[in-house]
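Same order as they appear, the protein sequences are chains A and B.
Those letters in the first sequence? Residues 1 to 323, by the working numbering.
Those letters in the second sequence? Residues 1 to 323, by the working numbering.
Any given hint might turn out to be false.
Which copy? The list can't say, so a pair holds if one copy fits it or any two copies do.
[As the list claims (entries may be wrong)] Cross-link-like lysine to aspartate or glutamate pairs, in silico, DMTMM-like; alpha carbons within 25 Å at most:
no. : residue 1 : residue 2
1   : K164      : D119
2   : K190      : D51
3   : K136      : D119
4   : K164      : E302
5   : K164      : E305
6   : K190      : E103
7   : K136      : E310
Quick caveat, the hints were computed from the structure, so don't treat them as lab data.
Because the structure is a prediction, the values reported are computed rather than measured.
There are 2 protein chains.
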Amino acid sequence: MSLGEFDHIERLRRLADHPAALGLLDDAAVLDGLVITHDSIAEGVHFLSSDPPASVGWKLVAVNLSDLAAKGAEPLAALMSLTISGDGEWESAFIDGIGAACESYGLALIGGDTIALPDGAPRVLGLTAIGRAGEKVPRRTGGKPGDRLWIVGTLGDSAAGLAKLQSDEDATGPLVDIYRRPIPLLVPGKALGPHANAMMDISDGLLIDARRMAQASGCAATIDLDAIPLSNAFFAERGGGLSARMFAATGGDDYALLAALPAGFDPALSLSSPPGTRFSCVGTLAADGPSLSVTAGSRQIELPEHLGHEHRGNSRPPVADRP
Amino acid sequence: MSLGEFDHIERLRRLADHPAALGLLDDAAVLDGLVITHDSIAEGVHFLSSDPPASVGWKLVAVNLSDLAAKGAEPLAALMSLTISGDGEWESAFIDGIGAACESYGLALIGGDTIALPDGAPRVLGLTAIGRAGEKVPRRTGGKPGDRLWIVGTLGDSAAGLAKLQSDEDATGPLVDIYRRPIPLLVPGKALGPHANAMMDISDGLLIDARRMAQASGCAATIDLDAIPLSNAFFAERGGGLSARMFAATGGDDYALLAALPAGFDPALSLSSPPGTRFSCVGTLAADGPSLSVTAGSRQIELPEHLGHEHRGNSRPPVADRP
């Protein structure tokens with residue numbers, strides 16, 4: 001539940017005056033040394049009816065683990081909220097995907113519930129993930145003027161994979177794979193936790209999420225599109241031009257990490273990370289200015305109309321809404 | 001997530017080998033001194049489209065608190081999973097109902113998420129509730145031969161209220177009120193926690209839930225319909241005959257507590273409880289016999305086809321399925 005995701009935020013804010021709520025400005029709450037997060041996904045919005053059910057299960061676990069990664073937490077346990085729509089084969093395969101992801105990342109399934117849905121209703125699947133907090137839990141609000149904005153991972157792959165699937169339901173390849181089976185960056189997240197002034201995962205798009213971090217931190221963010229990390233698969237598919245970079249910066253579903261680190265701290269040099277971990281400095285936080293500015297090298301770029309997902313409304317579901 | 005609620009239980013069981021999972025035989029998990037539960041509700045299944053949204057919000061909180069009550073836990077915090085279907089007025093009123101229940105029972109809203117649903121999709125709303133465990137957390141599995149089965153609260157009110165609403169959408173009165181605004185029995189639950197060999201809340205119907213407790217405990221339950229507690233409002237509406245009592249024992253949505261207590265322990269005499277708290281001894285657990293037998297006084301009663309909700313399938317949603 002993050003700032004600006006919907007119009008009722010003020011109503012909710014009044015309810016959320018417990019310190020564990022972190023002012024509802026974060027994707028996770030912190031209680032008794034545990035980091036607790038809940039993410040739901042809906043058929044036709046967050047996944048396609050044609051997506052293999054095992055990958056939907058994997059993705060539900062992965063997006064929740066990504067929230068734990070962004071708090072530097074270690075996975076501990078999960079509660080699953082399953083809806084039944086009468087297709088037992090789908091549900092069995094979905095549970096197998098949940099199980100594979102839980103096994104891969106050491107998450108114990110400890111409970112949840114199962115409910116029936118009316119005939120024909122789109123599936124809604126939820127997971128509550130619980131992690132063990134590190135000594136410091138970076139919040140979204142802690143960014144400081146002068147901090148550098150770093151990304152762990154690459155951007156745009158998942159959105160490019162989705163676009164391929166939308167034009168060809170049978171599309172395959174690494175971009176489709178990463179859309180369906182995102183990898184939560186738990187090890188880099190834990191390593192960054194003690195050093196980051198602010199950290200969050202990029203689920204809705206770099207531009208919208210960087211603006212959220214800047215607003216929550218009372219800072220002004222500048223993002224350099226030329227610096228955003230693209231994978232070889234993405235580059236092969238779409239190139240590295242400005243429109244491809246804007247697509248990657250607004251597509252969402254990345255589950256990369258965005259961290260505000262003190263100037264002079266280079267995570268690639270300072271942290272021990274798994275081989276292949278990619279750190280990219282893509283911008284800065286400043287004391288004054290608009291909450292978000294975008295450049296391409298030295299050129300100022302006008303902000304696009306859509307910075308990313310808002311998870312808002314349903315007349316144009318986010319899946320269809322993506323550029 | 002309780003035994004028998006769906007066909008995938010064995011698949012899930014293999015995933016749930018963590019001690020906190022309590023073998024998925026309980027409605028709540030226990031982790032680091034916290035009791036954690038998640039319940040979702042779906043429009044057209046667990047609530048009516050015509051139900052006032054504030055009461056839907058209240059009920060979502062109450063059904064989760066009822067799971068905490070059944071573990072003798074004190075309410076601490078909650079994460080809400082909200083779906084948006086485009087009707088901002090409904091959602092605002094729903095959040096107000098969530099807020100009222102949280103305020104009434106000392107539950108802090110600390111997080112959650114908000115997602116859009118496709119146009120026309122039935123709402124699915126979820127809550128993860130976290131409570132502080134007492135020194136002993138009664139499980140569903142701990143019932144012992146010789147235990148007496150006690151109920152806290154009354155049965156059938158909610159199902160009778162729903163039946164009234166199904167024949168007249170504008171029906172009012174105490175039965176409709178208790179269907180819409182169940183009261184979680186937190187204080188009696190906490191008082192019973194240290195004494196109960198097994199405890200659960202009755203959400204799906206006394207007969208099905210008593211059988212679940214008996215099966216989980218490796219015992220045989222006998223329930224005496226003549227002894228089940230009926231409210232004055234229920235009695236005025238349906239009388240106290242056998243068919244009314246069978247309706248009350250299978251209707252579900254009660255959020256009464258079912259506790260297996262050692263013979264000789266009378267909670268009405270031994271515990272200090274709020275005025276109006278009603279304890280009724282309705283049966284026994286034995287070592288041998290069928291998992292559930294039903295009597296009316298000394299007469300043996302044939303088990304009805306429907307013992308309660310299974311939360312299973314959707315061709316006949318539970319709301320329509322209730323007797």
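Status of the hints after comparison with the structure:
1. K164 x D119: Between copies only: 24 Å across chains, 30 Å inside a chain, cut-off 25 Å.
2. K190 x D51: The answer is neither: 31 Å in one copy and 45 Å across copies each exceed 25 Å.
3. K136 x D119: Answer is neither; intra-copy 46 Å and inter-copy 42 Å both fail.
4. K164 x E302: Neither, since 27 Å and 59 Å both go past 25 Å.
5. K164 x E305: within (23 Å within a copy, 50 Å between copies)
6. K190 x E103: within (19 Å within a copy, 35 Å between copies)
7. K136 x E310: Result: close neither inside a copy nor across copies, 29 Å intra and 44 Å inter.
The structure does not agree with the numbered hints 2, 3, 4 and 7 stated previously, though it agrees with the rest.
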